[in-house]
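Student: Residue numbers (the numbering used here), protein chains in the order written: chain F, 1 to 333; chain A, 1 to 306; chain W, 1 to 337.
It is worth saying that the hints were derived from the structure and are not from the lab.
Misleading hints may appear alongside valid ones.
[Claimed, not checked] Dumping the calculated DSS-like pairs for lysine-lysine here, alpha-carbon to alpha-carbon at most 30 angstroms: (1) Lys20(W) x Lys89(W); (2) Lys273(F) x Lys149(W); (3) Lys251(F) x Lys247(W); (4) Lys149(W) x Lys280(F); (5) Lys280(F) x Lys152(W); (6) Lys13(W) x Lys123(A); (7) Lys214(A) x Lys247(W).
[Said to hold, decoys possible] In silico contact screen, one side only, chain W against chain F (beta carbon under 10 angstroms); selected entries: (8) Gly28; (9) Asp30; (10) Phe31; (11) Val32; (12) Pro63; (13) Ser127; (14) Gln130; (15) Val220; (16) Leu257; (17) Ile258; (18) Leu261.
Cβ coordinates follow ideal geometry from the N, Cα and C atoms, glycine included.
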Amino acid sequence: MNTLLSSKKPILKVSNLKQYFIVKREALFQPKQVVKAVDGISFDLYPGETLSIVGESGCGKSTTGRSILHLDEPTEGEILYKDVSLTEMSKKELRNIRGDIQVIFQDPFASLNPRRTIRQMLDEAMAIQKVLPPKQREARMLELMQNVGLRPEYLERYPHEFSGGQRQRIGIARALAVNPKVIICDEAVSALDVSIQAQILNLLKRLQNDFDLTFLFISHDLSIVKHISDRVMVMYLGKIVEISDKASLFKNPLHPYTKALLSAIPVIDQTIKRERILLKGDVPSPLNPPTGCRFHTRCPFATDLCRDEEPLLRELESGHLVACHFAEKLSAI
Amino acid sequence: MLLFILKRLAQVVPVIFGVTLVVFLIMQMVPGDPAIIMAGEGASTETVEQLREDLGLNEPLHVQYFSYIGNILQGSLGNSLKNNQPVLDEILIRLPITMELAFFSILITIVLGLTAGIISAVKPYSVSDISVMVVALLGISLPSFWLGLLLMYTFSIKLQWLPVAGWDSFAHIILPAITLGAGGAAIVARMTRSSMLEVIGQDYVRTARAKGLKEHTIIYKHALRNALIPVITVVGLQFGSLLGGTVIVESVFAINGLGRMIVDAIRTRDIPMVQGGVLVASLVFVFVNLLVDVMYKVFNKRIDLN
Amino acid sequence: MKEDILLEVKNLKTHFITSKGTAKAVDGLDFVLKKGETLGIVGESGCGKSITSLSILRLIPSPPGKIVDGQILLHGKDLVEMSDQEIRKIRGNQISMIFQEPMTSLNPVIPVGEQIAEALRLHQKLSRKQAWEKAVEMIRLVGIPAPEKRAKQEPYQLSGGMRQRVMIAMALACTPEVLIADEPTTALDVTIQAQILELMKDLQRKIGMGIIFITHDLGVVAEMCDKVAVMYAGQIVEYQTTANLFKTPLHPYTQGLIGSLPKLYEDQEELQIIEGTVPSPYDYPTGCRFADRCPFVQDLCRNQQPEIIHVEDSQQVRCWKYTDQWKEELVKEEVIL
Chain F
1 MNTLLSSKKP ILKVSNLKQY FIVKREALFQ PKQVVKAVDG ISFDLYPGET
51 LSIVGESGCG KSTTGRSILH LDEPTEGEIL YKDVSLTEMS KKELRNIRGD
101 IQVIFQDPFA SLNPRRTIRQ MLDEAMAIQK VLPPKQREAR MLELMQNVGL
151 RPEYLERYPH EFSGGQRQRI GIARALAVNP KVIICDEAVS ALDVSIQAQI
201 LNLLKRLQND FDLTFLFISH DLSIVKHISD RVMVMYLGKI VEISDKASLF
251 KNPLHPYTKA LLSAIPVIDQ TIKRERILLK GDVPSPLNPP TGCRFHTRCP
301 FATDLCRDEE PLLRELESGH LVACHFAEKL SAI
Chain A
1 MLLFILKRLA QVVPVIFGVT LVVFLIMQMV PGDPAIIMAG EGASTETVEQ
51 LREDLGLNEP LHVQYFSYIG NILQGSLGNS LKNNQPVLDE ILIRLPITME
101 LAFFSILITI VLGLTAGIIS AVKPYSVSDI SVMVVALLGI SLPSFWLGLL
151 LMYTFSIKLQ WLPVAGWDSF AHIILPAITL GAGGAAIVAR MTRSSMLEVI
201 GQDYVRTARA KGLKEHTIIY KHALRNALIP VITVVGLQFG SLLGGTVIVE
251 SVFAINGLGR MIVDAIRTRD IPMVQGGVLV ASLVFVFVNL LVDVMYKVFN
301 KRIDLN
Chain W
1 MKEDILLEVK NLKTHFITSK GTAKAVDGLD FVLKKGETLG IVGESGCGKS
51 ITSLSILRLI PSPPGKIVDG QILLHGKDLV EMSDQEIRKI RGNQISMIFQ
101 EPMTSLNPVI PVGEQIAEAL RLHQKLSRKQ AWEKAVEMIR LVGIPAPEKR
151 AKQEPYQLSG GMRQRVMIAM ALACTPEVLI ADEPTTALDV TIQAQILELM
201 KDLQRKIGMG IIFITHDLGV VAEMCDKVAV MYAGQIVEYQ TTANLFKTPL
251 HPYTQGLIGS LPKLYEDQEE LQIIEGTVPS PYDYPTGCRF ADRCPFVQDL
301 CRNQQPEIIH VEDSQQVRCW KYTDQWKEEL VKEEVIL
């Protein structure tokens with residue numbers, strides 16, 4: 001996989017992305033506070049792969065997705081789509097690119113206009129991106145409905161007439177309507193029941209094959225991430241702590257946070273022997289992140305070095321990067 | 001909190017300027033020449049002209065406005081055109097009366113409104129709820145001059161329990177305060193009801209029930225505090241319309257308050273008096289609003305923290 | 001072991017009577033909770049698991065909800081028949097609850113210590129001071145640092161994990177015999193979930209209460225529960241020990257549910273799915289409620305509702321497949337073929 005990837009050119013290249021938000025002051029002489037939601041992350045997304053971003057709330061995974069979509073203007077850093085910088089593009093150029101990068105949200109209902117039928121919605125999406133002349137759109141819509149497993153007569157219905165799973169299918173159809181290259185799935189199956197979740201995951205996998213799509217899959221659920229990804233990136237408090245191909249990450253997690261995360265997931269097979277790392281305390285506030293390694297306050301292996309010096313992301317094994325001072329030592333445990 | 005209060009105080013300045021400007025311009029557009037009215041009918045053209053010169057009415061508009069603002073900044077609201085007495089003196093006599101009336105009215109608005117709203121919300125769609133809401137609807141729809149006359153007829157003339165008009169004793173306050181507070185009470189009642197119903201449906205009220213608390217503890221301790229937050233805003237807004245309402249109620253009950261003073265001044269084109277009265281009324285309104293905002297923040301700390 | 005039985009639910013039916021008709025949210029439930037035991041109730045949204053938990057403490061909003069039939073016996077005394085005053089003495093005292101959303105389940109304007117203390121004053125007749133001290137003690141017990149300081153804070157000053165710990169402290173303050181936990185970790189991050197589950201197990205060892213654990217997460221069930229009831233469309237379709245359930249799931253729905261779960265320690269190319277959707281609680285089919293989605297469905301299933309049957313000693317399932325009629329049905333079919 002890795003040799004294959006390195007021979008390819010990335011479709012999306014994120015370098016040193018920073019996304020800061022300023023918090024309103026509460027007292028008169030209090031200094032301005034800055035939330036460093038994403039604090040200097042770099043990664044590549046290769047055509048045809050699924051890269052997952054996983055982490056707990058406040059780790060910056062959704063913010064990363066929003067920055068790539070340019071819903072928020074990045075504070076610093078560069079995002080290259082097919083070698084063109086998104087940060088330097090004009091509004092108009094950006095609009096054209098938007099068709100190439102689509103998004104599916106956790107709650108499709110919130111992003112579907114309640115007063116428009118599915119037909120109007122799909123038609124509008126195609127019209128804005130000028131993907132097809134009006135005459136050919138009808139056939140395309142029927143095709144889309146078939147692709148996502150919805151009956152063609154549903155085109156005339158409104159969003160409230162659908163169940164959660166069906167709405168997610170509509171969200172997918174709308175994303176597909178403009179022939180995207182990259183789809184960002186932001187907790188796309190998190191709100192669904194397991195049986196429906198399985199349907200949508202299978203659908204996403206099939207569509208990726210059929211249409212040569214690249215997925216950036218944002219999720220908090222490691223089991224789902226394991227199922228759908230080629231590569232996985234683990235984030236903690238705005239930083240990447242580990243990034244690797246799936247097999248290597250799940251077989252041999254290098255970062256203590258990844259280990260803890262994996263061991264915290266309840267599994268149905270209780271016969272599997274797992275060493276459980278129970279993390280103490282809560283995730284610190286991104287307003288005032290810990291010095292050095294951001295994980296040191298909860299890490300069972302932290303030393304003075306971790307408190308003082310921030311570990312850099314480094315390649316420990318081929319294609320497996322980790323940001324921990326003691327990764328070599330810990331992997332031996 | 002201090003920062004917030006300072007910010008809001010800073011906003012008051014342009015508002016007050018806006019008020020003075022609008023009142024000034026409107027009074028300029030109103031037909032009728034104050035000099036003629038002041039000089040009395042049949043006065044000679046020379047007298048009128050002389051008066052106009054003395055009052056500075058021949059100056060260009062912006063000069064008149066700025067001299068007016070200049071006077072305000074020096075603490076003077078000018079003299080009445082009618083009797084040449086300082087406007088401020090007159091206002092200082094009238095304002096306490098109106099404030100007293102407003103205070104009791106808002107008290108009625110709050111007490112009556114909250115009680116009615118809670119009674120309604122505790123048993124929604126029951127007989128008590130429906131009757132309270134019908135009365136509230138009446139309270140909103142009845143114009144205050146009509147309600148005032150109705151109350152006066154019933155309690156003063158027929159039953160002879162309360163004095164008809166004037167402002168001498170506590171008994172005099174009752175009818176005007178009810179008249180003025182009723183509309184607000186009705187609005188507060190409806191707001192309290194819907195706010196309470198929303199809060200009663202919240203998870204933490206279910207938690208309180210699951211703890212085994214008695215129903216009245218749930219209502220007064222757990223629900224009401226949260227339900228009050230939107231009601232505070234409504235009460236604040238009501239105070240504004242209440243100030244406006246004093247104009248009518250003071251006229252109906254012959255009370256020599258600020259509202260009645262402004263009406264009289266408008267009728268006699270006593271421009272400084274109108275301007276002064278409106279300015280003071282708006283100041284009161286602005287500061288009450290500030291107070292409401294501060295209370296809202298105190299009650300609802302978590303809003304801007306999240 | 002009759003004396004070990006804490007809570008026994010018999011033929012519980014909770015219906016919602018609305019303008020759209022009658023929604024049979026819970027439709028004939030039987031289960032038993034023993035001392036120190038954890039019973040899982042698992043199912044997907046709308047299966048009636050949360051309504052079940054609210055029914056036990058009679059917290060169903062009424063109207064439109066109503067317990068129309070059945071018994072809920074706590075040490076043999078029927079909670080359904082109790083007066084409002086009697087049930088209030090049970091709530092938060094002998095039976096307590098924790099809810100899914102720690103964000104919204106605590107009163108936002110009351111200090112958390114007071115929210116714990118008020119139950120103590122009510123049920124244990126403690127003085128203000130004693131109740132407060134006990135509340136602080138409870139906050140310490142659930143593992144929140146600086147309990148004296150935290151007790152005076154309002155919920156917005158606490159993290160999500162801490163709020164759920166406060167909920168647990170509140171529920172356990174009066175040492176209840178039964179704790180009903182309705183999706184207590186669903187809104188939390190996994191590392192925090194792991195902490196809370198550990199805490200609940202630990203406190204159960206200390207206090208010895210029976211727990212009814214309501215969840216949609218089969219992994220959490222495996223970790224926490226001794227027995228499981230799988231609910232579908234207002235009924236229990238399978239009821240057995242947790243170990244058995246994951247080893248030999250009997251009901252086709254349970255099998256489908258387990259199959260559709262992405263596994264952390266297995267590689268699957270495609271996830272198994274359950275076709276179709278849950279039937280509406282306003283209009284259940286006459287036969288088995290899972291018939292339309294079941295891969296094994298026969299005419300028998302569509303025509304007649306299956307009863308709960310005992311397969312082995314401790315295994316119960318609501319499915320025609322495990323009956324004698326099923327064999328006859330198959331024979332019939334072969335004859336036709």
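Student: Each hint needs a verdict: does it hold in this structure or not?
Tutor: Hints, one by one, checked against the model:
no. : hint                  : verdict
1   : Lys20(W) x Lys89(W)   : violated (35 angstroms)
2   : Lys273(F) x Lys149(W) : violated (40 angstroms)
3   : Lys251(F) x Lys247(W) : holds (24 angstroms)
4   : Lys149(W) x Lys280(F) : holds (19 angstroms)
5   : Lys280(F) x Lys152(W) : holds (23 angstroms)
6   : Lys13(W) x Lys123(A)  : holds (26 angstroms)
7   : Lys214(A) x Lys247(W) : violated (46 angstroms)
8   : Gly28                 : violated (23 angstroms)
9   : Asp30                 : violated (25 angstroms)
10  : Phe31                 : violated (21 angstroms)
11  : Val32                 : violated (23 angstroms)
12  : Pro63                 : violated (25 angstroms)
13  : Ser127                : violated (33 angstroms)
14  : Gln130                : violated (30 angstroms)
15  : Val220                : holds (5 angstroms)
16  : Leu257                : holds (6 angstroms)
17  : Ile258                : holds (7 angstroms)
18  : Leu261                : holds (6 angstroms)
When the structure is compared with the earlier hints, violations turn up for hints 1, 2, 7, 8, 9, 10, 11, 12, 13 and 14 and for no others.
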